[in-house]
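Participant: So you can see what is in the structure, the chains are spelled out below.
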Amino acid sequence: MSEKDLVLDLKNLNVKFVTEDATVYAINGLNMELERGKAIGLVGETGAGKTTTALSLLRLVQSPPGVVECDKMEINGKDVLTMGIKDLESMRGKDISMIFQDPMTALNPVFTVGEQIAESVFLHENCTKEEANQRAIEMLELVGIPGERAGEYPHQFSGGMKQRVVIAIALACHPQLLIADEPTTALDVTIQAQVLDMMKNLREQYQTSLIMITHDLGIVAEICDEVAVMYAGTVVEKGTLEDVFNHTKHPYTEGLFNSLPNINDRKAKLTPIKGLMPDPSNLPEGCAFHPRCPYATEACKQPQHLRQISDTHYVVCDRYNEPDFHIEREEK
Amino acid sequence: MKRLFAVLMCLVLVFGMAACGGPSESGETENVVTIAVADEFTTFDPMETSAEANQIVQDLVFDMLTDTDLTKMENAGELLESWEMVSPTEWNFKLKEGIMFSDGTECNVDDVFFSFERGKEHSAASGYIAKMESWEKIDDYNFTIKLVGAGDVDFNYTFAANQLSVFSKEAFESMPEEDALKVGTGLYMFDEFVSGDHVTLVKNEKCTLYPQTNVDKLVFKMIPEAAARMIALENGEVDMIMSPDATDYERLRTTEGLQLLEVTGRTQHFICFNQKSPNEFITNPEFRKAVAYAIDKDEMILAAWDGNAVKSTSVQCRDVEFYVDLEGIPYDAAKAQAMFEELGAVGQTFKLVTSDAAHRVKIAENFQAQMAEYGITIECEFMQQAALMELCTSDGTTSGTEIIVMSWTPGKNGDYMYRNTTHSTGGRNYAQFNDPEIDALIDKAAGCEDKEERAALYKELQETLTYDIVGWIPIAQHQIYVGSNDRIEGVLLHPALVHSFKYVSVVE
Amino acid sequence: MIRYIVKRILLLIPVILAVSFVVYFLMDLAPGDVVSMLAPQDATPEQIEQLKEELNLNGTLIERYGRYILDLLHGDLGDSYMQKRPVMELFAERFPATFKLALASQVVALLIALPLGITAARRRGTLIDGASMITAMIGVSMPSFWLALLLIILFSSKLGILPSGGDNGFASLIMPAIALGTSQAGSLTRITRSGMLDVLSSDYLRTARAKGVPEKTVIRKHALKNALIPIITIFGSNLGNALGGAVAIETVFSWPGVGRLTTTAVNQRDTILATGCIIMFTLFLNVTLLIVDIAYAFVDPRIKAQYSK
Amino acid sequence: MTKKNTTINVENKEQYKKRSMWAEVWRNYKKNPSAMIGLVIVVALVLIAVFARIYFDFDTDIVQQDVQNKFAHPNGEHWFGTDHYGRDVFTRVLYGASYSLIVGIISVSISCLLGSTLGVVAAYYGGIVENIIMRICDVFVGIPSILLGVAIMSAFGQSIAVLMWAIGLVYVPMFARIARAAVLPVRDQEYIEAARVIGVKDGAIMVKHILPNALSPIIVQTTMGVANAILTASNLSFLGLGIPVPAPEWGAMLSESRNYIRDHGYLTIFPGLAIMITVLAFNLMGDGLRDALDPKLKK
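Chains P, X, W and Z, in that order, give the protein sequences.
Residue numbers for the first sequence follow the working numbering, beginning at 15 and rising by one.
Residue numbers for the second sequence follow the working numbering, beginning at 220 and rising by one.
Residue numbers for the third sequence follow the working numbering, beginning at 265 and rising by one.
Residue numbers for the fourth sequence follow the working numbering, beginning at 194 and rising by one.
What the hints contain is simulated information worked out from the structure, not anything from laboratory work.
It is possible that part of the hints are untrue.
To be verified - Calculated pairs, SDA-like style, for lysine to any residue (alpha carbon to alpha carbon, straight line, at most 25 Å):
1) Lys570/X with Phe349/Z
2) Lys263/Z with Ser421/W
3) Lys568/W with Ile159/P
4) Lys348/W with Glu259/X
5) Lys263/Z with Gly526/X
6) Lys143/P with Pro478/W
7) Lys570/X with Pro295/W
8) Lys480/W with Cys141/P
Unchecked claim - Estimated spans, in silico, between C-beta atoms of each pair:
9) Ile470/Z with Pro305/P: 48 to 58 Å
10) Glu475/X with Gly339/W: 53 to 63 Å
11) Asp259/Z with Asp258/X: 25 to 35 Å
12) Ile269/W with Asn433/X: 55 to 65 Å
13) Ile470/Z with Ile266/W: 45 to 55 Å
14) Ile269/W with Glu34/P: 46 to 56 Å
15) Gly98/P with Asp487/Z: 39 to 49 Å
16) Ala354/Z with Asp258/X: 27 to 37 Å
17) Pro278/W with Ala354/Z: 25 to 35 Å
Even glycine gets a Cβ: it sits at the ideal position worked out from N, Cα and C.
Full structure from sequences and hints, please.
Facilitator: Structure below.
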């Protein structure tokens, strides 16, 4: 385990937001590892803490009100936790960069797209302004936008084009780790496919590790090597695509799959997970999922433990302490 | 952000440079005297204006045929050597010889006649010119004038009007008007005028009419706020201030290096009744007398001028010719109360109008407070000067005015005051006089060549108006003040505010 | 862009005509007229008639206004009754002083408002934020002429370190500019803060941070340029307010500006001068707003695109 | 960032329906301390104004002079000293509150009523009506407000009624613009069309369906407008064109104090402070109302 070439090593991440009214526990003891060159999908409902996790990695959680606590946070072998602001700034965009959800607002309206790409290059690569501009044009062409449009402003681009620009900015300095936060949610379906395809190619080309944040299991299946399922600020199940998709262990993951329409059996009823996400300022005792879980017992109100199913497959559910416990999906 | 701040700082610097560049170039040895005035100077042309703020400056550049000698307070020749009244309608005049304009030409009868002709075209001067039927040149320095109608025994006073300043004919014929207007016989020449800020005069080396002084430059700085003028004097920004506020008199008197100059003004302030008002109290002379008994003028003077005014007892002003010192109607609260009660005036309400000038407001407010003690309510209305003038000179039966706080500045000669304010045809008949007897008296006095008979006629007029008719209640003639530092001397104060700076010099 | 400017300028013509109508008629309604102010106290009826002739005051109101408008359409604002000089000349003489004062007050306002507003936004919700906003609010609530008097009491009367009035160099500009600028700083601080807050919570700043832009650059380059947009918008109307608000300040500080000229003209019933000055004021105000709108386009490319349509 | 979960159970729903919009606004308003300070000051000022009007007699306490006792600096007997007529400044400042409040409130009511009506009518009818109204507004917005006020005061003379109309008229265009901007988005909504189809009169549609949409910005603008109006009134009084003396209007008191700033600075300080506190209170209230009426805008 220790000789793995990890690009991300995260141990026991806790993030809470302290306001006058209440304390919101957004991330609760989250662990994550990612090997160089691999792609992991971070899946979960809205509000599960996916974006907060990403921002924590960039150390961009607003403080106050945010409080970030962690046992270990290493990116590309560097300890992010103890870094000074200067080192953090040189790390962002160079070692790790991020693609944001909404391309409409992610670009600064008063600078040209070329300027915005070049700025990143100029900051991190030891080069002149001209070289940075040249690189910006190359990057634009790489994401499929004619280089001569570098002088245009964001409002002159369509949504999909903007997302390409955002991707160009994120990849401009060839980061080791790229976080893509629902990069296609705001786009049309046809554009989605194009952008995903492009991202896949680019990732292979640059050997970039990827954290793909999404609630779309289809995207995960297409792009990722591993999957981590998040619920209420923690990872409840993690494994390879094969592990999680075909040997689902956690009741919540099962719920997620059940709420997808089945193309083979279009008459089958959708079975959504009943109830709502818990209020993160007032999380249930023990397993946060137990009030919604069809398999829940009294024991689920106790603190849960990580259970290793195989070399790659982990689940957090103490019902597996009972030797013959299994969920319905496994039977199929 | 850094750039933005740089831009802001640059702006600040530019302001600094632009502002500092100006005044510093003046030489070290020049004697500059700066006078802070309250009102705005607006024009070089004496024929365009009758405002004291202009005349005070123009008087230094141009000279008239006669002028008030402020040391003796009497009319004296300025450009004129002498004159002679042949009859009330025919006068002979002789100019001083060798008086030079600043352009180097000598002042002669042609220049005087040219100025008369020019005066016809300007409304401010035409009234004076209209008194003359014809003028005739005898030689370069002598001329004769025929007057219209019955003539005027005081005609020499007319020539003291600033509007009849003498211009250089030569200058007007050879240069554009705006330059010709800078050529005069006075001790100074116009140098610079920044509208609303200052006007600068420089010494006219060619002047022969007045002795040369050691002042090279005279700056009139316009500072409308009295407190600001005082601060400027104390901080040494100016050498002299016009009309300091009453609160500062004491400080000017007692502070080392400062002085307070004063003269009793010729402006009389009075409480005036509209004798054509439909209100029967107002048109009743007994009521008006009762009000006269009711007013404590001393208190009013204390409120309005901090006590710095001379109480008036007669409708006529003190230093006017043929003034007789009357006792007037004294303050007698008990008598007033009795009269009011007899007339049934207690509990009545009267309207008072006046302008928003500070001293008038103060008089009105004090009057209101005093009358309240007799159970009489005064409703005050304050309006702008222009509005008040129009209201008070319009027909008294419909104007709606009852009581007015007003003031009036007469000329030096006796006729001027009576004719304008108490004659039924007078242009400033604020009290709406319409009394044929008074009219006849005024006309008779004006045409009277015998001095003693005239004096008697004016005495009768003065007594009738003060004791019997009481068209207005005279309150006071206020003191006129000028503050100065001890660097300069020689200012002559004028009771109608046209102070003279001709003899100002810097103390060596 | 040029078409847009031309359109805006053409739209000014009816505005100017309407302003002239309103002010001219208001002035005519005012009791009292300039003749009674100008005539000597012993003026004869003939003199008064002559004066009216000289001032071109004959005829009915409509006739007089008609003559005025005809001249105005030829770009002639007439001659002042009191001062007997072309209004345009008088205005041109006095306007630079007022403009200098208004501009200087804006510099003061910006120097106060930008640091205060930006700090408040960045320390949002803290004591500093509260204190800044209360300070700004007090600034707005203070009558500028009152502040002017207080400044004179302190700096001229008590300390004697600044001149009490007049337009004589940089020192004389300090107090008027502060008096006039402070109330403007109040509203400007609020605008800066809310503009900055909008920007600070925006996604594009997160993008900038995520690509490793140093925090200082994030604020000064990315945030401020966007926050500048509402500040520029308010700058135009603030400059206008400063021009108008300068009236009392000019009186207190003996400042030789147009505000004083205009109020004197109104008081003396110098209809021509008053109307002319207010027209010029209005014209200037509108041109300033136009310039601001154009400046706006240079900061915000989205607006520029709109204008060229 | 995770949002607070707003689960609404059935009982809560009932309460929500019963609680009117205004109670909600008040609930939000109460939470804002500076807004509450503003409200408390305004209430106190109203009480002072009423009290001063009842307790003091205009002729004796305000107008009557005691010239012998002028320029008494603040002391135990005269808290704010006496002025150049020996009148007690404290009494005059208290009495002056009523003038500022009356002028502020009535003049803003004038501009609010006229302005909002014009704005709503302009927005509702659109086309040429809208064009004419808004162009007229443009003209008046273009004239510096103090100068327009000076011209109006000169034309109609100095009195409290003219002053209120002058200030009221000056701010009409602002209200018209705000009202129009607020109701413009509603104009073409289908429910307006529906109301018209079933024969509701234009006036009724404007009052019932359109006006409520403009209420929030108008209320905020009205409160802030009172602050502005008080400032403008004191500015005009300072220039000698406001409420005539001897009424103790604060701006006029400041104007009178100008000649005495060197030795009797207290005459300048107190009326100015009174203006500042009053204007500040209305501004704080307006700010609080803005936040309370539209929590989304809260910055």
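Participant: Hint by hint, note whether the structure agrees.
Facilitator: Results for each hint:
1. Lys570/X with Phe349/Z: Between lysine 570/X and phenylalanine 349/Z the Cα gap is close to 18 Å, so the pair holds against 25 Å.
2. Lys263/Z with Ser421/W: Cα-Cα ~21 Å, so holds.
3. Lys568/W with Ile159/P: holds (23 Å)
4. Lys348/W with Glu259/X: holds (14 Å)
5. Lys263/Z with Gly526/X: holds (13 Å)
6. Lys143/P with Pro478/W: holds (17 Å)
7. Lys570/X with Pro295/W: holds (18 Å)
8. Lys480/W with Cys141/P: holds (21 Å)
9. Ile470/Z with Pro305/P: 48 to 58 Å: Given about 55 Å between the Cβ atoms, the range holds.
10. Glu475/X with Gly339/W: 53 to 63 Å: holds (57 Å)
11. Asp259/Z with Asp258/X: 25 to 35 Å: Holds, at about 32 Å.
12. Ile269/W with Asn433/X: 55 to 65 Å: Since the Cβ atoms of isoleucine 269/W and asparagine 433/X sit about 59 Å apart, the hinted range of 55 to 65 Å holds.
13. Ile470/Z with Ile266/W: 45 to 55 Å: Holds - the Cβ-Cβ distance for isoleucine 470/Z and isoleucine 266/W, about 50 Å, lies within 45 to 55 Å.
14. Ile269/W with Glu34/P: 46 to 56 Å: holds (51 Å)
15. Gly98/P with Asp487/Z: 39 to 49 Å: holds (41 Å)
16. Ala354/Z with Asp258/X: 27 to 37 Å: holds (32 Å)
17. Pro278/W with Ala354/Z: 25 to 35 Å: holds (31 Å)
Every hint from the earlier list agrees with this structure, and none is contradicted.
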